[in-house]
Amino acid sequence: MSDDITTQETGTEQQDVDAVSTTDDQTDHLDDSAQGGDDIEALRSKLDKSVRAEKNLRERLKAAEPLLQQAEAAKEAQKTDLERAQEAANSAAEQVSKLRDRAVRAEAKVLASANFTNPDLAIRLLGDITSYVSDDGDIDTEQISVDLSALLESDPYLGRTQDTREMKPNRAQGRTGGTPLTPGQLARDAEQAGDWKTSGAIKANQLIGLAQNLHPLA
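If you read the sequence shown in this note's numbering, its first letter stands for residue 162, the second for the next number, and so on.
Check the hints yourself; a few may be wrong.
What the hints assert, rightly or not - Computed cross-link-like contacts, EDC-like style, restricted to lysine to aspartate or glutamate with a CA-CA straight-line distance of at most 20 angstroms:
hint: 1; residue 1: K270; residue 2: D308
hint: 2; residue 1: K259; residue 2: D281
hint: 3; residue 1: K270; residue 2: E303
hint: 4; residue 1: K270; residue 2: D316
hint: 5; residue 1: K270; residue 2: E314
hint: 6; residue 1: K259; residue 2: D297
hint: 7; residue 1: K236; residue 2: E220
hint: 8; residue 1: K270; residue 2: D281
hint: 9; residue 1: K259; residue 2: D296
hint: 10; residue 1: K259; residue 2: D289
hint: 11; residue 1: K259; residue 2: D299
hint: 12; residue 1: K259; residue 2: D301
hint: 13; residue 1: K216; residue 2: D200
hint: 14; residue 1: K210; residue 2: D199
hint: 15; residue 1: K259; residue 2: E248
hint: 16; residue 1: K210; residue 2: E220
hint: 17; residue 1: K270; residue 2: D299
hint: 18; residue 1: K236; residue 2: E248
hint: 19; residue 1: K210; residue 2: D200
hint: 20; residue 1: K223; residue 2: E233
hint: 21; residue 1: K270; residue 2: D301
hint: 22; residue 1: K270; residue 2: D289
To be verified - Derived Cβ-Cβ restraints for the label pairs, each shown as a range:
hint: 23; residue 1: A234; residue 2: L260; range: 37 to 45 angstroms
hint: 24; residue 1: A267; residue 2: T241; range: 33 to 41 angstroms
hint: 25; residue 1: S211; residue 2: A234; range: 46 to 54 angstroms
hint: 26; residue 1: D199; residue 2: A225; range: 48 to 56 angstroms
hint: 27; residue 1: N251; residue 2: S292; range: 20 to 28 angstroms
hint: 28; residue 1: L229; residue 2: S252; range: 32 to 40 angstroms
hint: 29; residue 1: S274; residue 2: A234; range: 31 to 39 angstroms
hint: 30; residue 1: S252; residue 2: Q304; range: 23 to 31 angstroms
hint: 31; residue 1: R321; residue 2: T241; range: 55 to 63 angstroms
hint: 32; residue 1: R263; residue 2: Q304; range: 15 to 23 angstroms
hint: 33; residue 1: L228; residue 2: D299; range: 48 to 56 angstroms
hint: 34; residue 1: T302; residue 2: A246; range: 31 to 39 angstroms
hint: 35; residue 1: Q304; residue 2: A354; range: 32 to 40 angstroms
It should be emphasised that the hints constitute simulated quantities derived from the structure, not laboratory data.
Heads up, the beta-carbon is just placed ideally off N, CA and C, and yes, glycines get one too.
Construct the complete structure from the given sequences, taking the supplied hints into account.
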């Protein structure tokens, strides 16, 4: 009898222990579930904040878009003005260069006309006429005269026909040195004297003069 009572008490105690253990396990599970729920809520809260921040940023960018477009348009307008200014400056410089070249050419032609049969040919033989202009825009007429004299000295057949006429009188026609001769007569005189170089130069000058009369230089 005593043993039965003891056994019953022992079984009851075991049931109590199992019940307490089960209750503790359930409590721990509820605590874990509650903690997991808190983590999810925290993540959702962060996600909501990120979404709101992104939406706010898009709205701000959209509001600023007209200002950005205006700034870009202003930049393009300024760039166009700058390009126009550069084009105008380049055009003005080109016009100045043309006027300067014409002035130098005119000055050189006046100087060459005194001694050369074909002043335009003499000017072309001088080469780059812009070298006779100083940085201040002044024309170096003295240097032009020096170079023309050197050209006439190295190529005397380019000189005026009366100089050649005095050197090569047409005796066959009974003309004196002071009688004017045509270029054709001068060429024949040179050929008779065996001076084929001078004859060829005179004929070349005739052809150049004829071409210039038909098509005057600008």
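Now for the hints, and whether the structure bears them out:
1. For the hint linking K270 to D308, the alpha-carbon distance of about 13 angstroms falls within 20 angstroms, and the restraint holds.
2. For the given pair, K259 sits about 17 angstroms from D281 by alpha-carbon distance, which is consistent with the 20 angstroms threshold.
3. A hinted pair counts as satisfied when its Cα atoms are at most 20 angstroms apart, and K270 with E303 qualifies at roughly 13 angstroms.
4. At most 20 angstroms may separate the alpha-carbon atoms for a hinted pair to count; K270 and D316 meet this at roughly 17 angstroms.
5. Proposed proximity of K270 and E314 is supported: the alpha carbons are some 18 angstroms apart, at most 20 angstroms.
6. For the proposed pair K259 and D297, the alpha carbon gap of about 16 angstroms is at most 20 angstroms, so the pair holds.
7. The straight-line distance between the Cα atoms of K236 and E220 is roughly 25 angstroms, outside the 20 angstroms bound, and the hint therefore fails.
8. Annotation: proposed proximity of K270 to D281 holds, straight-line Cα distance about 7 angstroms (limit 20 angstroms).
9. For the hint pairing K259 with D296, the CA-to-CA distance comes to about 16 angstroms; that is within 20 angstroms, so the pair holds.
10. For the given pair, K259 sits about 13 angstroms from D289 by alpha-carbon distance, which is consistent with the 20 angstroms threshold.
11. As the CA atoms of K259 and D299 are separated by approximately 15 angstroms, the hinted pair is consistent with the 20 angstroms bound.
12. Of the pairs offered as hints, the one joining K259 and D301 holds, with about 17 angstroms between alpha carbons and a cut-off of 20 angstroms not exceeded.
13. Straight-line distance between C-alpha atoms of K216 and D200 comes to about 24 angstroms, which puts the hinted pair past the 20 angstroms bound.
14. Straight-line distance between C-alpha atoms of K210 and D199 comes to about 17 angstroms, which keeps the hinted pair within the 20 angstroms bound.
15. In summary, the hint linking K259 to E248 is supported, as the alpha carbons are separated by about 17 angstroms, within the 20 angstroms threshold.
16. The hinted pair formed by K210 and E220 meets the criterion: a straight-line CA distance of about 15 angstroms does not exceed 20 angstroms.
17. With a CA separation close to 17 angstroms, the supplied pair K270 and D299 stays within the 20 angstroms bound.
18. Proposed proximity of K236 and E248 is supported: the alpha carbons are some 18 angstroms apart, at most 20 angstroms.
19. A distance of roughly 15 angstroms separates the Cα atoms of K210 and D200; the hinted pair therefore holds under the 20 angstroms criterion.
20. A distance of roughly 16 angstroms separates the Cα atoms of K223 and E233; the hinted pair therefore holds under the 20 angstroms criterion.
21. Between K270 and D301 the alpha-carbon distance is near 13 angstroms, which keeps this suggested pair within the 20 angstroms criterion.
22. As the CA atoms of K270 and D289 are separated by approximately 14 angstroms, the hinted pair is consistent with the 20 angstroms bound.
23. Here the CB-CB span from A234 to L260 is close to 39 angstroms, well matched to the stated 37 to 45 angstroms.
24. Against the hinted window of 33 to 41 angstroms, the Cβ-Cβ separation of A267 and T241 comes to about 39 angstroms, which satisfies the hint.
25. Here the CB-CB span from S211 to A234 is close to 34 angstroms, at odds with the stated 46 to 54 angstroms.
26. Checked against the hint of 48 to 56 angstroms, the pair D199 and A225 fails, with Cβ atoms roughly 39 angstroms apart.
27. For the pair N251 and S292, the beta carbons lie near 22 angstroms from each other, so the given range of 20 to 28 angstroms is met.
28. In this structure the supplied range 32 to 40 angstroms holds for L229 paired with S252, their Cβ-Cβ distance being about 35 angstroms.
29. Our hint of 31 to 39 angstroms for S274 and A234 is violated, since their Cβ atoms are close to 60 angstroms apart.
30. Distance hint for S252 and Q304: a CB-CB separation of about 30 angstroms, consistent with the stated range 23 to 31 angstroms.
31. The supplied range of 55 to 63 angstroms is met by R321 and T241, whose beta-carbon atoms lie about 57 angstroms from each other.
32. For the pair R263 and Q304, the beta carbons lie near 18 angstroms from each other, so the given range of 15 to 23 angstroms is met.
33. For the hinted restraint 48 to 56 angstroms between L228 and D299, the CB-CB distance of approximately 55 angstroms keeps it satisfied.
34. At about 36 angstroms, the CB distance of T302 to A246 agrees with the hint of 31 to 39 angstroms.
35. In this structure, Q304 and A354 meet the distance hint of 32 to 40 angstroms, their C-beta atoms being roughly 35 angstroms apart.
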